[in-house]
Amino acid sequence: MPSTVPAPAPAVAPLARIVQGSGPGLLLAHGAGGSARDNWGPLLADLAAHRTVVAPDYPGSGDSPYEPGEPTLDEYADRLVAAADEEGLDTFDLAGFSLGAAVAVRIANRHPRRVRSLLLIAGVAGGSARQSALAELMVGLRDRPAELSELMLTVVLGHSWVDALPADQLAALREGLRSPLPTGFPQQFRLAARTDVRAELASIAVPTLVVGTAEDMLVQPSQHRLLAEGIPGARFVELPSGHLPMVEALPQLREAVLEFVKG
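Residues in the sequence shown are numbered from 5 upward in steps of one, following our numbering.
None of these hints come from the bench; they were simulated from the model. For each residue, glycine too, the CB sits at the ideal point set by N, CA and C. Among the clues, some could well be false.
Label pairs and their computed distance ranges (CB to CB) [said to hold, decoys possible]:
(1) Gly144 x Leu174: 21 to 29 Å
(2) Pro244 x Ala49: 19 to 27 Å
(3) Glu91 x Arg114: 12 to 20 Å
Start from the sequences and build out the full structure, keeping to the hints where you can.
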């Protein structure tokens, strides 16, 4: 007679991570196609001055090896919490950028006793056909780096910042955007395309700061406002940048982030 006991889930390797600082825990979730270092690097010293920072890399990003298959938001959420467990964090403040904001929302709902507060930067809420189509387009262009880099130049970075660049810096930026993509890029952008956390927002019961980016054409400002309007009592701050405020508006972002960690 066949056994009815389910087979154990296959073991997965712990996520690679950056760990810095001391004090209360702060767990960071990066964006699709990024890494802990790429998205949080300019802020790590500031954050580590006040918190024990744990910043994992999703599979196929940073120092975490690629894993086949299509990840889910639940998997990312649980594996980030597992990284917090491995670093001895019982409770933690939680910050998410872009797709990482949706991961943070899912963590707050799946592990509500663990999360003390939320910081959501340029975050994905879901329900945007345009955003989903754009994410799929970027995946489709992953083997055409010249075309993908031009698309990224026009939708990822804010027009005011790009237009103000001297010609030599603009040329260097174009070249930099052709850098090899992380192996997890297609998986993470496909996940972003199908993510929708709007129905989960009303149940969040921790202090929340939402940081919007006014010139964002990758994750539209309406998405950021959905997060702020859907989470009870959330505060909203909007920065004058495209999707990468850590590049385009670092002083203003640093001010908002330090207000969050000191609050």
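Checked hints:
1. Between Gly144 and Leu174, the C-beta spacing of about 25 Å keeps the proposed range 21 to 29 Å intact.
2. Checked against the given bound of 19 to 27 Å, the beta carbons of Pro244 and Ala49, roughly 24 Å apart, stay inside it.
3. For the hinted restraint 12 to 20 Å between Glu91 and Arg114, the CB-CB distance of approximately 19 Å keeps it satisfied.
The earlier numbered hints are all upheld by this structure, with none contradicted.
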